[in-house]
Every structure is written in C-alpha cells, then in structure tokens.
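> Construct the complete structure from the given sequences, taking the supplied hints into account.
This is what each chain is made of:
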Amino acid sequence: MADPDVLIVGAGPAGLAAAVELAASGVSVELAEQRGTIGGAIYRQPISAATPVPQAAAAKARWRSLSAAFDESGVRVRHATVFLGIEADGQVLLDDRRSGGVVCLRPKVVILATGAVETVHPRPGWHLAGVTTAGGLQVMMKERGRAPEGRVILAGNGPLLIAVAAQMARLGNPPVAVVEAGDPFRRPAAGLGLLAFPGLLREAAGYVLDVKRHRVPWLRGTRLAAIEPQGEGFAVTLEDARGTRRMEVDRVALHDGIRPNDFGLPQVGGRGEGPLVLHAGDCREALGAPAAGADGHRAAREAIRHLGADRTANSREGRDIARYRKAQALLARLFAPLPEALPFENLPDETLLCRCEGRTVGDLRALCEMPDRLTGREVKHNGRFAMGACQGRFCAANTAVLMARMRPEAPAPTPVDLTGRRWPARPVSIGALMQAAPENTDQDKEMTDEVHK
Amino acid sequence: MTTIPVCAMRARSLSSLPSAVVIVGSGIVGAATAYFLARRGIEVRLVEAVAPAAEATGAADGAVSVASKRPGPMMEAALAGVRLYRELESEGLFSGFFKTRSTFIVAASQAECAVLEAHSAALAGAGVRIDILQHEELRQRMPAVSGEAMMAVEVHDEGHAIGYQIVHRLLTAAGIVVHRGAVVEGFLPSSSGNGVRGVMTKHGPVEGDAVVVAAGTGSGALLGFSDVLTPRKGQLLVTERAPELNAGLPGAIMSGRYLLSKGSQNSGHGAPARGLGLVIDPLRTGQFLIGGTREDHGDRTLNDVEAVAKILRDAVALLPGLANVRLLRSFAGSRTAVADGLPLIGRVPGRDNLFVATGFEGDGICLGPLTGKVVADLVCGEAPSLDLRPFDPARFGACEVAA
Chain A
1 MADPDVLIVG AGPAGLAAAV ELAASGVSVE LAEQRGTIGG AIYRQPISAA
51 TPVPQAAAAK ARWRSLSAAF DESGVRVRHA TVFLGIEADG QVLLDDRRSG
101 GVVCLRPKVV ILATGAVETV HPRPGWHLAG VTTAGGLQVM MKERGRAPEG
151 RVILAGNGPL LIAVAAQMAR LGNPPVAVVE AGDPFRRPAA GLGLLAFPGL
201 LREAAGYVLD VKRHRVPWLR GTRLAAIEPQ GEGFAVTLED ARGTRRMEVD
251 RVALHDGIRP NDFGLPQVGG RGEGPLVLHA GDCREALGAP AAGADGHRAA
301 REAIRHLGAD RTANSREGRD IARYRKAQAL LARLFAPLPE ALPFENLPDE
351 TLLCRCEGRT VGDLRALCEM PDRLTGREVK HNGRFAMGAC QGRFCAANTA
401 VLMARMRPEA PAPTPVDLTG RRWPARPVSI GALMQAAPEN TDQDKEMTDE
451 VHK
Chain B
1 MTTIPVCAMR ARSLSSLPSA VVIVGSGIVG AATAYFLARR GIEVRLVEAV
51 APAAEATGAA DGAVSVASKR PGPMMEAALA GVRLYRELES EGLFSGFFKT
101 RSTFIVAASQ AECAVLEAHS AALAGAGVRI DILQHEELRQ RMPAVSGEAM
151 MAVEVHDEGH AIGYQIVHRL LTAAGIVVHR GAVVEGFLPS SSGNGVRGVM
201 TKHGPVEGDA VVVAAGTGSG ALLGFSDVLT PRKGQLLVTE RAPELNAGLP
251 GAIMSGRYLL SKGSQNSGHG APARGLGLVI DPLRTGQFLI GGTREDHGDR
301 TLNDVEAVAK ILRDAVALLP GLANVRLLRS FAGSRTAVAD GLPLIGRVPG
351 RDNLFVATGF EGDGICLGPL TGKVVADLVC GEAPSLDLRP FDPARFGACE
401 VAA
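Keeping their order, the protein sequence lines are chains A and B. At position 368 of the first sequence (counting the first as 1) the number is 368 in this note's numbering, and the numbers step up by one without a gap. At position 12 of the second sequence (counting the first as 1) the number is 12 in this note's numbering, and the numbers step up by one without a gap.
Please note that the accuracy of each hint is not assured.
[Said to hold, decoys possible] Estimated spans, in silico, between C-beta atoms of each pair:
(1) Gly248(B) to Arg98(A): 29 to 35 Å
(2) Gln140(B) to Arg98(A): 38 to 44 Å
(3) Ala332(A) to Lys202(B): 52 to 58 Å
(4) Thr100(B) to Arg246(A): 48 to 54 Å
(5) Val183(B) to Gly233(A): 35 to 41 Å
No wet-lab data here; the hints were simulated from the structure. C-beta atoms are modelled at their ideal positions from N, C-alpha and C, and glycine is treated no differently.
Listed below in structure tokens is the structure:
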C-alpha cells in the first residue's frame, strides 16, 4: 500500500477535524489511533450496551457533526496503533498492536494530535492503588454509564473537578466532597470576564447547581495534603487556612489540571529526509475540545500548504483559538490556588515522585542540595527520574517544577530535559520491532560484525 | 557518601607537585583524573563545555572487559583497568556501581568455534581466567541462550559499570564543583619556556600549574590532533525490566561472529562504514543493555530502525526470550577514535605541563579510571603504573597547539 501524504496520530477532536479537512481537499490521509474507537478521551463512547452519560447539549451536537463528517470522509483508521516516533532516516514508526508488527511509513506530513494528560501533583500517598485521576473517573463513567461506587472524594485544582462531581451526582453517587485549591468566589474580576463566554458560563453554572442540589461540600481554598491507607479505604488529610482535618473515604480521585500529552514526541518542524511534523489540538496547547477541533483545521491547512495542494487562507480558526485561549486563561485565574493551598509545599522527603523507579522527593532534594549544580539530564541519570517504563509521563513535569523550586537561582529544567525526544515514544515489543526493517542481504553485508577491538 | 581520607592528602611538601591542575572535559577520563589528583591534595579546576558525562561516557555500553582483546598493549591496559575497578569497589568508592559478572563469547557456527578456540587460548596465555563451555555444560550454565549456541568461552572476573554513575561517584567523592558550559577557546601560554599556565574559556581564564585535556573529539582542535581523531557513532538499546530472563543469564553475551573479521586489533584503517558487534548485558536493575553499532557516518545522536532491528534480530537469535520483552529506549552517541586504534595518553609533544588523554573509542569505561590514575602520576612527575609508550601522543609527531 502506498504511503499516505499525511499521517494523523490520534482520533480525538483535533485529529478527526484535520482528517476531514484534508480528505475534503483531496489529500491522501491516514489516521493512527491507539484505541479501538474514535473520539478521544473527550468523546469516549459507551461500551456496548451501557447507558450513555448525560452530556451537555453543545458537546453532543459537536460530536454528532464531527463523527458524521469523519464517517463521510472515508479516511482509513489504523486502530490499536501507537506512534513510536520518527527514526534517523525519516521513517515514521507505528506499533500495530493488533497484528503485532511495527509498520514503517514515509508520509510527507505527520500531524500529532495526541491530546492532553492530567496533571497530578505529588502528595504523600498519591500513588496508592485505589487512587485514580478525576479525568480517569470521568472516562470510566462515559464508558460504563454509571458512577464509581462508595465514598469518593475529588481533590486538586480546576473546573474539571466540579464537572465530574456533577456527572457523578446525575448518575446517583455524588462525591462526599470536592476539595479545590482555588476559590472562584474570591476571584470576582476573572468571574466577570467570563461573562464574555456565555456558553462556558452556562455549562459551569449547571455543574455548580447540580453539586449544590446534591449538597456536595465544595471545599474551596483547601488542599488534600496526604493520603494514607485505612481499612479497605483511605484516610485523607485536608488543609486550609483554618487548620487540618481528616476524612475517611473509599476512593480518591486527584486532578491538578491538564497539559499537552507531548512526552517524547518529535518537535514541530522538518528534519532531513523526514516528514514535516505538526502538533494539533491539546497536544499543542491544552485549550479543550472546541479549540482542539479548530486547531485540527488549522494544522490541516498548514499541511495542505506544505503539500502545495491549496492556498486558501482562512483566519477564522485563528480567531476562534485565540478566544478559547482567553477563556482558558480566565478559568486559570478563576481557579488559581489560594496561598494556603499551594501545591508542592512542605512535601515530606518520603513522598514518591517517580512511581516506576520508586524515587522520592528526598532523592531529588539530595541531588539539588549538592554544591555542584547538576543539570536536568544529570539529575535524571543519577536520580533515575523519568527513566522508568512510563518514560517520564508521570514524573518529568513534577520533577522539573520541584527542581526549579529547590534551586531557584539555577536555570529551570524543562520536562524535555528529563524525557528527551528519543524513539520509541512508548515501550514496544522487541519481537515486533525486530521485524520492522525487512531482512535485506545487501544491507546486512554492509553491517559487518566488528565493533570490539 | 565517601570522602577522601585525610591520610591521602599527603605529599604537598614535595616541591615538584603542582598545587592546582586544570582539567578540560568531565567524561570518565577527566573525572577520574580529577579524583586521583584531588586524592593527592591537589586543587582541581574541572572545566566542561556541556556537563559531566554528556558525550561518549553517557552513551557507553559500560563493559569493563578484556574478553574481546587480543594480546598486546590494549589487553594489558584492559587487564589493569578491570583490576582497578575491583580495587575501587572493595575500597568502597565504586560499591554498588560495579557489577561483577563474566562475559560469555558465544559461537554459533563451526567457523566461529574455530576462531573462538584460538582466541580463548590467547586469553588464557595472557593469564585471563577462562572456561570453555560445550554441550550439556553450556545448556546448564546458560539455559536462556538459544540452541544455536555451539560453544561459549566464559571470561571470568569481568564486570559492568554505567559511565555517568561512575563519573558522578568520582566527582562527588572528591567534592569537585564542575565549571559547566565553560567552552575552552585556547591555552594561556606561560611567560617562559614551553609550558601553559591554564586555559581561556568562554567565561574567562582558568589557571593552573598543569593542564590535562580529556575532551574527546574536541581535544583534536585544541591540540592540533584533528586529523588523528575521528568521532565514531554507536547505537545502543535498553529494555524494560525482565527479572526472570535477566536472572537466567549469568553474564554478558558477546556474539563470537565479530572474531571472524580479522585484524581488528588496529582496526582504524579500512574499518567498515558500519559495524555491528552484538553484546547483551544483563543490568542490576533487571533490564538489558543491547549494543551496538560502530559507524563513521550519519547523525551521531539519532537511531535508525534498520540498525535497531538488525541488532534486535541478532540479539533474539542468541537470547530468544528477549522477543517477549519491551524496548524502552534507544540512544546513540559518538566515541573518539584514533587513526591507529590506540588511545592518546601522555604529555603533548613540545609542552612541559600539557597532557592529553582521549581516543578510547569503545573502551573508555573500562580504561577511564585507570587512565585517570596514570595521568595523575604523570602530572605529579611520578612513573605511571602502566606502560604508556604505545599510547604516547608523540607517535603522531609535533602538533600545533591552539593559543
């Protein structure tokens, strides 16, 4: 089969919108999606016979029109396929987990639309089994059509917490509390700014009313400081300006915002014989689903321009994205953590930072307190941060923030200093990868068996 | 954390000793030189263009091994290098950072068996402790190895060390603060004689009574050895943790196939554009390090799927269980190779107090600590414990030192 001109990675709102636009322009395009279904995390569809979660009318309408347009486009989707990276000679490597083989493609453009990941700040006990993310709970509710059981506490920072609380309430098991580091009621200026976004305000008001109606305590300006196992469940410690208290719960769901899911991915731009790389949607800038759709169109047009297929310019997406950016900035100000609930404060040395390798805040502190000022890469190597099987997805960003706080005078490392941009971007079976380049006797001859003197 | 015992801070009264030495480069050679000088109570000023272990040391396979050496100066050096690792481990300096294990050179054809037999005789003749494993004995000792293996030579008392960990250990033990990002622009000539009084860096002058250049390929431009030194790329792979398979492998596996290509002792001339020598090393963590290539072309930081797939096919052919393990990372780096295949260690010709130590290609981790030790001897005007004549930079004649 011929290589497509454009390969899109990720079938969420950005990837699907890009695919629709490219197909409409007559560009050959394929889409690689790691799951068996399209829609991404935001439009996750119920599994088989599960009752769908009640959703906002606007979101439902967006999905209906996007999925219809995509079906019509006839774009081929490679399901259960994971993007591994771009190798030295410019080939794109895809791990096809259904066939158990690694596919090498030579598209002219790659659009990476891998969405966002949730941020979870380290706190003692965040890694315990039974502690999940609030976004993870939301996706589970979308798939199964029912709320998680038992006494659930939602904690962290940002508007998603209250949205998940409302969805749980509608499904019959409201959380026992929502613990929020910020306090929107104490940020009136940001609240007033939101009047310019009536749709967003309507959605938010709906969530807040649902939470109020079910008498869910919304503990603003509060920090969930620690989680300890207790019986079958957990005892959590809550801190606010008045002091500390404990609660017993069955389940903890944390959420401290979202960020682009761009760990280890190649940078935007072209390199040697390789394809032009574009990032689209939350993978480029985490602004939410409507913005991701618009950004998918923008990326598609950039790809079309690169291929020389079309020159129509349209700045509508640019304006839309700027508006979503403004809305997200307002939300961030509205939910800015209060001083008494700031993350990363007073973390005990034994707090786990890297789950894969069991590395702690104390391990990082020891390296940061040395008189010799180590770089991010040296801290990674000698502290074994971001070196485990998750390749830094869970710890690189937190480690970088903590390093900057522990050594305010040194240049702050970026998460990329810790993760690097090497392929494979995800662990891949050796049995699959070894078949990636076909046996070629000429080349085998060229690679002679001699390295060691 | 080990600190340097006070009893080691000796001998400052000897007037010939320098009081401060500038070292250029904080790979394993520069770090070890710094450590051994600091251990004598000499002040070390370590200047580094990027960061410790940022180049070859950070992308090395970590073999501390004589297994592939043929009799000659490199075998002598490797034997002394391995001995020093063991010493420093028992002293406590490297404890936890040096994994003692055997190397198994595995032959999978009649031709390889013949070459391996001759090679093992040469190793034994040099005093290396070896065992030849065949048939049932081979299966019992290495149950995870493929049935294709016909014969193996177990080379005892070898080991594995991770380059960046050794560098970190050496620098922290000596309490050295590295001048990072200090690109060296040239030397400061001394007011009289043929000496130097330090280096000029991007951040200003750094002075010392002697200068040691251990800057890998960058040493070439500084010392006028550019046509002698070439960067040689190597690609390496790291797997996830696979504790069961790892425990079933009593040491590193080296494919005997490379022994078939002859004349590899001085392989600088006419080396192939791209060589592959397969080594599978079971790490302490339960992971495997698999390598590697040796290439004179291509972007030195990137991995290509053709080489990676070829390495993996060869690895699975010898250790079939690897097919069910996941690859976590690929990486590449460049090592400094010398035209005649031997490193440069010694005084720079025509300069009284300027020294060079580089060009170890794939042997830097094995020879790094030893080199640091003998260079510290040289700098202090003492006879080094290793015969350095084969490695004398003067074999390439005089050179134009950048000032």
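> It remains to establish, for every hint, whether it holds in the given structure.
A quick look at each hint next to the structure:
Separation of glycine 248(B) from arginine 98(A) is about 30 Å and conforms to the stated range, judged on CB atoms against 29 to 35 Å. At roughly 40 Å, the beta carbons of glutamine 140(B) and arginine 98(A) sit within the given window of 38 to 44 Å. The given range of 52 to 58 Å is broken by alanine 332(A) and lysine 202(B), whose C-beta atoms sit roughly 39 Å from each other. Take threonine 100(B) and arginine 246(A): their Cβ atoms lie about 50 Å apart, and the range 48 to 54 Å holds.
As the Cβ distance of valine 183(B) to glycine 233(A) is approximately 57 Å, the hint placing it in 35 to 41 Å is violated.
Checked against the numbered hints above, the structure violates hints 3 and 5; every other hint is satisfied.
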